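Given chain A's structure and the hints, the job is docking chain B onto it.
As a plain string of letters, each chain reads:
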Amino acid sequence: MFYREAGQFKTGYADDMAVFPIRQDRIGIAVILAIAYVAVPMFGSPFFVSTIMIPMLILTMAAIGLNILTGYAGLISLGTGAFMGVGAYACFKLATAFPDVNVLVWVLASGFFSAAVGVVFGLPSLRIKGLYLAVATLAAQFFLQWCFVRVGWLTNYSSSGSIEAARRSLLGVQITGPGASETARYLCVLTLLVALTWIASNIVRGRIGRKWMMVRDMDIAAELMGVRLLPTKLLAFAVSSYFCGVAGAMLLFFHYGSMESIAFNIELSFQVLFMVIIGGLGSMIGSYLGAGFIAALPVVIKFAPQILGIELPSAVVDQVTVMIIGGLIIFFLIVEPHGFARLWQIGKQKLRVWPFPY
Amino acid sequence: MRVNTLLVGTAMMALVATALPAAAEDSLYIPLLTYRTGAFAGSGIPIADGMHDYFKMLNARDGGIGGVKIVTEECETGYTAQKGVECYEATKAKGALVYNPWSTGITLALIPKATQEKIPVLSMAYGLSAAAMGKSFPWVFNPPLTYWDGLSVAIKYVGDKTGGLDKLKGKTIGFIYLDAPYGKEPIPLLEGLAKDYGFKVAKYPVPADKMQDQSSQWLNVQQDNPDWMIMWGWGAMNPTAVKEAAKVGFPMDKFIGVWWSGSEDDARPAGPGGKGYLTLNFTATGADFPAVQDIVKHVFDKGNSSVKEKSKIGEVNYNKGVYNSVLMAEAIRTAQKITGKKAINAADMRLGLEALEISEARFKEIGLGGFAAPVKVTCEDHSGAHAVYLQQWNGTKWVKASDWITPMKDKVRPLLEKDASDYTTKNAPWPARSEECPKS
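Chains A and B supply the protein sequences, listed in that same order. When you line the first sequence up against UniProt numbering, it's residues 1 to 358, in that order. When you line the second sequence up against UniProt numbering, it's residues 1 to 440, in that order.
Chain A extracted, bound-state conformation (with noise of 0.2 Å):
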């Protein structure tokens, strides 16, 4: 009824390509745009706004990272949190060691070094596939963990071992360090987020994200129609760790404000691989469901008795919320295996058929 593609005729090339080639989904995404630039930091409570929105939306940021390399490209990895932690010291050691540049130029430059550092652990993806390459960026995951804990100049010497965001700001508006309200915070991470999205969104949808494509679906085949293996999947691994790394210097500067190395643990590189394969392998929307169910979730569950006034030990409300994230995790799967964005794919297909179903 509302959602009909009648009438709306394709005169181009680039019509037929666009990311949303729908009216309505081209109204829908405006609104969901201004409901995060205008109403969330508006109408949000503080705690909404940095207690669920910011992380989430930083967690998108990485499941988008390991979407690509995943979903898109095939490859699995077990080393995102451990990307991430690259991004986040690294921001740390480059804003710390030149103050004067902006902070937000620092945390897009630290991709940069998570790229080359996935790059590295990379390599060995040209030879082994599947769980054997899983291994390959478990390693790098202990590996790096290691470093953040071993190596003094990372943390500049500090003695608890934790690095910490400076107080930075942006056209006279603290935007990293403590003092830096929600709001501020809130629209840095938002804007990096739809940019990042943007770009990422159009590399898959080019010839880069096409090779991919044929690398993941069957990589011989890829090779015989002239694909370069190693370059396509080391190119992945880059992109991958960019965007892993963007996330990670955004989970140190605009979440915590301050982190230890345990932060970027396994349990981090699962919830991002949970949110990949909850929310969709190969699609962005997917990213962000699954971030939103994975990120958000739990929180919202944890604090929800609290705001209905229910009184519940603290421990069971802990214990409750892992049952039932876990539970509905199991039950998400088997309805669609395929995530939340193959789900989202057939609301969008039912209502456009509604009300004649073929």
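Be a bit skeptical, because a hint or two may be false.
Claimed, not checked - Computed footprint of chain A on chain B; a stretch qualifies when at least three of its residues, placed anywhere within it, have a C-beta under 8 Å from a C-beta of chain A:
no., region
1, 81-93
2, 113-122
3, 178-192
4, 308-316
Source of the hints: derived by calculation from the structure; they are not laboratory data. Computed from a prediction, not measured in an experiment: that's the story for all the values here. Even glycine gets a Cβ: it sits at the ideal position worked out from N, Cα and C.
Chain B in isolation, oriented as in the chain A frame:
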């Protein structure tokens, strides 16, 4: 489908976006950041119980503090910094008076935030040692002493047993620690003292995810054969270390744990091998105090305590929880006296903490005579470097093994000053202290 999703989504957003209900005007709201789950739950549960029960007892016996009821609320952190920050963000708007992070990692994350938002942090004998410098950290308090003070006491004791600190030359002191901000905190002082007194330091880090498997560390200990061992452990790391030490035959009376490594559950699992194990402590053990008996009477017997067995009341970590609540309660009382207000706010709480003084007489008055050394916090010194004693495990319970020992303040204070200025330059621009010292 789309309409439904939208509806559900908006409903969820509305649910979360509505501000959390504010605490009532005439109450003292204290969020308790506790951990009853995870690898550190073994240490976290008794502490949470102790903190709770003392406040519940005050509410039941005296109707709160100065006639105002105390409202506590637990928030589960699991000892992780990220959940700790979540808890802080979720509770601060309800008028939180003070935060007890109960984790050095969470403390480090909260120090800049709380300083900016002007809510005091009470990190009782843990957290950032340099926070003792009240001039730089007006909103952070770590009485009764810092980790560095504690380490200096341990070295002093070792020196005593060796026949003088100058006799330490050429000796080796092993340091086994949780590889997290908490465990690393005392290392700078340890290395400084090693230089001063000429002893060697052997470090054995224990990663947080390998706490229950320390065989490689203790293999190294066996190989290096240090003269003494000092431990900075927490949670499941403690009993494992004591067990392993007993297994490799390390002399237990030369093994000193910090005050967080000295609960009954840390020493008991080692069986007879744990006999002789020493730890620092700043609170008395046992339930033979009028105030603790009041907890039994007003809270436990009425079924309001989360403690299951009566014997748990009075254990080391439970008493630490009680002590933490005593510090807060006395600070609230002091703040009420200074400001003349009944329902104080976070800024008043800061004044109360800064003017906090619990003399021996006062301890007796609140029914805790001999429970701990007298505490005095000043504007310059937010920790006070108060005395601690050593306790020894006799196989079934802890017994006092030394007198109250005062830390080497002359060695620690300059280092604290240096570290505080390091911290403030690293986190520049650190806000200069604008708070006036309270006159009491």
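Okay, the hints, checked on the actual structure:
| no. | hint | in the structure |
| --- | --- | --- |
| 1 | 81-93 | holds (count 7) |
| 2 | 113-122 | holds (count 3) |
| 3 | 178-192 | holds (count 7) |
| 4 | 308-316 | violated (count 0) |
When held up to the earlier numbered hints, the structure conflicts with hint 4 and nothing else.
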